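As given, the protein sequences belong to chains R and E, one line each in that order. To convert, note that position 22 of the first sequence is 22 in this note's numbering; the numbers rise steadily by one, no gaps. To convert, note that position 92 of the second sequence is 92 in this note's numbering; the numbers rise steadily by one, no gaps.
Please keep in mind that the hints were generated in silico from the structure rather than gathered at the bench. Model, not experiment: these values are computed from the prediction. Check each hint, because a few of them may be wrong.
[Unchecked claim] PhoX-like, lysine-lysine: derived pairs with alpha carbons at most 25 Å apart:
1) E/111 x R/175
2) R/49 x R/319
3) R/128 x E/36
[What the hints assert, rightly or not] So, partial list: chain E residues that the calculated Cβ filter (under 7 Å) puts toward chain R:
4) 18
5) 23
6) 26
7) 34
8) 35
9) 51
10) 72
11) 76
12) 78
13) 81
14) 92
15) 97
16) 100
17) 101
18) 102
Cβ atoms here follow ideal geometry from the backbone N, Cα and C, with glycine treated the same way.
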Amino acid sequence: MATTIPIGPYHPLQEEPEHYLLTVEGEEVLDVDVQIGYNHRGIEKLSEKKTYNQVPFLVERVCGICSHSHPYAYCLAVEDCGDLEVPEKAKYLRTLIGELERIHSHLLWAGLAGHFIGYDTVFMWAWKYREEVLDLLELLTGNRNAYAMMKPGGVQRDIPRKHLEEARPTLDMLKEKSEMLYNAVLDDPVMKARLEGIGILDEEDARAFGALGPTSRASGIPNDIRSDFPYGVYEDLDWKVITRDAGDVLARVEVRLLETLESIKMCEQIINRIPDGGSIDSEPKEIPPGDGIGSYEAPRGECFHYIKSDGTNRPVRHKIRAPTFMNFPTYRSTCIGETIADASIILASVDPCYCCTERAISLKEKDDVNLLELSQARTAEIKKELGLELSPLEEVLDE
Amino acid sequence: MTWTSWGISKSPWLYHVSTGSCNNCDIEVVDCLTPKFDVERFGGKLVGSPRHADVLMATGSMTRKSKPRFKRVLDAAAKPFIVAAVGTCASSEGIFHDAYNCVGPVRKVTKDVDEEILVVNIPGCPPRPEAIIEGLVNGLQKLKEVQQ
C-alpha cells in the first residue's frame, strides 16, 4: 500500500522552506512532488522601479550564496543591450570574485552533503575551510557575502595590489585542504557506500530535462557557459571543464570538489595577470532602447537574465531564470525507485536553491484570496502610512 | 529567576525558520554552529522542531505564503521563547518594503499572535555570526529580566 510522506515546509533538512511529497511503498519511493512558493518576493517587479545602477544591489538579494552570479548576469544583459565596453581590469576583478564565490559555494555544498547523510565530520571540516574563503572575500570586497562589486560597464571599486598579494597564502592553504578533502571523501568507505550508484541521472535524461551546471557535467555533458559562451577573462585562463560519466551522487560530489581545485588554479592565474593601472569602469551614460541577454555560469549552473530597455533609466522588463529551475525536475528521474534514506541526499544533490528559482507565484481564485482586492488593500495601507487621502473603496477595504 | 529561564540562558536551543529569505542569513545562522564561531560553547544547538526550541531564528521578509506557516510555528513553540529576527529583511523589510508579496517584518506578525512575544532584531545584510551571537545573548538577558 502506498503511503504519502510530507516533508516540510519547515524541516531540519534544508535551510529554505519547501514542501516535498514522497509517495512510498515500504522503503521504496514511488513518486516525488515539490511545492515551492514560500520564497517568492517579487524581485522582477521591484527591479522595474529601480535605475540600472540600483538593480545590481537588488538582484544580489535574489540568492545569498550566489550573490555575485545574479548581478554579473544582469550586468552582462545590460552590456549586451547597450553594447557597452568593459575595461580589462574590471573583467579580471569580476572573474576573481566569481571564482572565489564558486569555491565557497562548492565547499558549502560538500559540507551540507556530509550533513545530509549524517556524517557531520565532513560538514564541520568543509565549513571550517569555507570560513577562510569568506575572510578572503571580506578582505577583498568588504563583506563576507553580498559583495556589491558589480555595476553595468565595470566594477564598483578597485582592489589594491597589496590585498591581492595577501590572498596568495590563503589560496595555497585552500589548495592543500581541498585536495585533502577530495581524497578524504573519495577514500572514505562510508561516503562511497552511501553515495555510489544512487540517484543516477543518465545522459539522455539530463538532456531531456535540460539539466545545467555540475548536475549535467556529472552525467557526462560538458555544459559550461564559461567555455561555451565565454565572458570575463576565461578565454585567457588555463583551465578545463570537469565531467564525469557515472551520473550518480558520488560523481556530483567529485565534479564539485574538482571544480573547487580548478577555481583555485584560476584565481592564482588572475592574481598574476591582473593589470596594476587602468580604469575599472567605462561609466556608461545611457542605455538605448532594445533588449539584451546575459548568461553566467553560477556555481549551480547557467544563470540567465533578460533586460528590455525603452531608452529611459530603468529596465521595462527584467526576467531571471536560475539554474535550479532546470535542475529540480530531474528528481523525477533520480529519486523514483530509491529508498527513503537515500532520497534526502538525492534531493540535495542538485544543490537546490529555491530562493533563486521562485520568480512567479499564482494566487488561486478562492473565496479568501482576490488579487485585485489584495493589491488595493496594499495601496490603501501605503497611502495611510504616507498620510494621503483614501478613496471611498480603499476606506472600506482598510476596515 | 525561574528554573526555566535559568535553563534557557545556559543552553538556548535554536530553531531556524526561514520566512522568505535569500539564504544568506540562513547560512550565517548555520555558520554560527561551525568550528570558527561554535555557538555550542554557550550551549546553543540547532533543533529540528519548534516544540524543542527556546529561540526561533526567523530570517527573511515575511512572504504571503509563509506568514500563516510562521504563525503556526509560533503557536507550536514551547513558552517562554524569544524570536530573533535575523537580518535587515526580518527586522524592517529593507529593500523589500514595497514588494507586493511581502507582508511586513517579523515583529508585525508576532504582534498579531501575541503582544508579549519578545523579538530581538539583528540587522545586517547578512549580519555577521558575531552579531547573531550578540543578539542572542541580549535577547536571553531580556528574557531573564522579563521573567523576574
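Could you tell me which of the numbered hints above are not met by this structure, giving the numbers in increasing order?
1, 9, 10, 11, 12, 13, 14, 15
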